[in-house]
Each structure stands twice: as C-alpha cells, then as structure tokens.
Amino acid sequence: MPEEQAVNHHAPHTGARAERDVFCAGCQAQTKHVCSVDRNNEVLCTCDVCGRALKLPFPEHAEHLNSMLDAHHQANVGQIRTEVAEAERAKLDAQFLAMMGVK
Amino acid sequence: MAATFEFEEDNGSATGSPAKGTTRTAARTEANWKNIDDSTTAYSSSPIVAGNNSYQKNQFGHFSGTFNQILNGLFAHTATAFGTGLTLKGVPAATTSAGPYTYVTPSTGADSGLTTDMTSAIAIGSGVAVWFGATGPEATGKAATMATNPCYTNWLTTQLQTTSSAAAGDTAQVTLTLQYDEN
Chain F
1 MPEEQAVNHH
11 APHTGARAER
21 DVFCAGCQAQ
31 TKHVCSVDRN
41 NEVLCTCDVC
51 GRALKLPFPE
61 HAEHLNSMLD
71 AHHQANVGQI
81 RTEVAEAERA
91 KLDAQFLAMM
101 GVK
Chain B
1 MAATFEFEED
11 NGSATGSPAK
21 GTTRTAARTE
31 ANWKNIDDST
41 TAYSSSPIVA
51 GNNSYQKNQF
61 GHFSGTFNQI
71 LNGLFAHTAT
81 AFGTGLTLKG
91 VPAATTSAGP
101 YTYVTPSTGA
111 DSGLTTDMTS
121 AIAIGSGVAV
131 WFGATGPEAT
141 GKAATMATNP
151 CYTNWLTTQL
161 QTTSSAAAGD
171 TAQVTLTLQY
181 DEN
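In the order they appear, the protein sequences are chains F and B.
Going by the working numbering, the first sequence opens with residue 1, and the numbers climb by one from there.
Going by the working numbering, the second sequence opens with residue 1, and the numbers climb by one from there.
It is worth saying that the hints were derived from the structure and are not from the lab.
Values in this document were obtained by computation on a predicted structure and should not be read as measured data.
It is possible that some hints are incorrect.
What the hints assert, rightly or not - A few chain F residues that face chain B, going by a derived Cβ cut-off under 7 angstroms, partial list only:
1) A25
2) G26
3) E42
Stated by the list, open to error - What follows is a list of derived Cβ distance ranges for each label pair:
4) S17(B) to A87(F): 45 to 51 angstroms
5) Q30(F) to P150(B): 39 to 45 angstroms
6) T105(B) to A29(F): 31 to 37 angstroms
7) N72(B) to D70(F): 27 to 33 angstroms
8) P150(B) to E63(F): 38 to 44 angstroms
9) A147(B) to Q30(F): 40 to 46 angstroms
10) V84(F) to A172(B): 17 to 23 angstroms
11) T145(B) to A94(F): 22 to 28 angstroms
As the list claims (entries may be wrong) - Rough simulated footprint, nothing fancy, chain B against chain F, three-plus residues with beta-carbon under 8 angstroms:
12) 68 to 78
13) 90 to 101
For each residue, glycine too, the CB sits at the ideal point set by N, CA and C.
Please put together the full structure from these sequences, using the hints given.
See the structure below:
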C-alpha cells in the first residue's frame, strides 16, 4: 500500500533530473524514480508510486552510483511490513479456528 | 538470573582501529535524531532543517550480568510510521566477523554505509541480523552467537534523512526494536 501520494520532493530542486528504475523498499519492487542532485549535492531519488525518498552521496562515476543502488536493493529486498504480517497472522488464526470448529 | 542490557552511544571523531567514537556514553534511554553529534543536547535545540540529514546516531547494545549465550539478534523499526519526506537509514545485516558497519566521524552527509531503509515499520522477523563482539561494537571477531561476558552488538547506527517536503515540528515517536535470545 503506498504510504505517500503525489508529493513532489523535487519541487524546489533545479538542475538536472532524470528518471531511472530503482528498487523501492516501500513498494518492494523496481519502480520508476525521479532522480536529481539536491541542494546538499546529494543524489535524491523519489519513487513515482509511493513517494519514498532515497538519498545517496554524490557518486564518483556511473559505476559508483550503480553499485550504491545495487547495495540498496540487496539490503532492502524482502522486508515484510507490520500490517502485512498482521494480516497474515489474522488469516492463519481464522483458518485455525475454522479447523477447530470455533465460529 | 539473566543478562543485564543497556544501550550505549559513541560520538565524536572516528578514532582507533577498528574505529570507534571519541566519546562513549553508557545507559542511553533515547535515540533522537538531531543536527548535532552528541548524546546530551535536546533535539529541540538542534533541529534538522528540512532537506538536510541528521548526524548519525551510533548506538549499540551492551550485555553483562549472568548468561551463557546471547544469540539470534535482530534490529528493525517495528512501530509507527514516519511522515512525508522522512527516510530512516540503518546498518545492513551482519554477515562477517568484521561487522556490517564501520564507524565514521559523524556528519550530516548521506551515509552510504547505512544501506537498510528503515522508514517503514516491519515485522521484527524481517529485521537485519545483529552479531555480537567481545570488546565493543567496533570489535572484530563478531559472531551470531556470543558466550563472552560482557559482549556488545554490532553498531546499530541510524540516520534520519529528510527532503524539503518534511513537515516542521517533531516527527512521530517511532519504535526501533533490538530482539535477541539468551541462554
């Protein structure tokens, strides 16, 4: 479930912007991100789906940027949000009660 | 009998090898992100300007008392959502004896060593693995199970990164959880 909607974190940023697929920890998927250089000379990428922001120090070269994005992906794949975990537990509880004949 | 636990915090320039902070403070009871690297200034006195990042919060766990083993460490943001424009970054999972993170002199620059996105509250089972060392969070020889007493978790460093869309005022009070077993 997107946790932020239609927020343009880049609104005051001027200069270069580019779109790129980046792994979003919130969406748990590769999503389109808008990336730019912010006023602190850091790379800011924001998810087009949920608005989650990802900041990286300014890379030395393209390979450095790619390696930081890869590390971000590896570190964040597989997170299970509390609401998803709770929904799964509720489903299992309901199934168990049904098996036990408890209404 | 059981282990005695407390959070502790390092601040100041990186010193020594392996690196640690210049100052180590015991018995920390809060982990407020702020625009200063210390364990004493109130966050309201050093607020983070929207669009900037906090200084890293270099906290860790310290075990003493009576125990046979400390094991199965996990660390995660487990309750309460952050508002718009706020991203919490934390240490990656521990996988080597050197630990997942090396202490750096705190700054407000985005720390590329903090690769875990802790913004969303997740189940603790999805948290990053925490290993334990004998002499400090900076110690080599960390392991997933530790029998040495006292012992310490690896760094549980976090940094709050903000965009210009972050609202003024306090953030929501969130819960970060360190879970472990003791034998």
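Checklist entry - Can you list which hints this structure breaks, lowest number first? => result Failing hints, ascending: 11 and 13.
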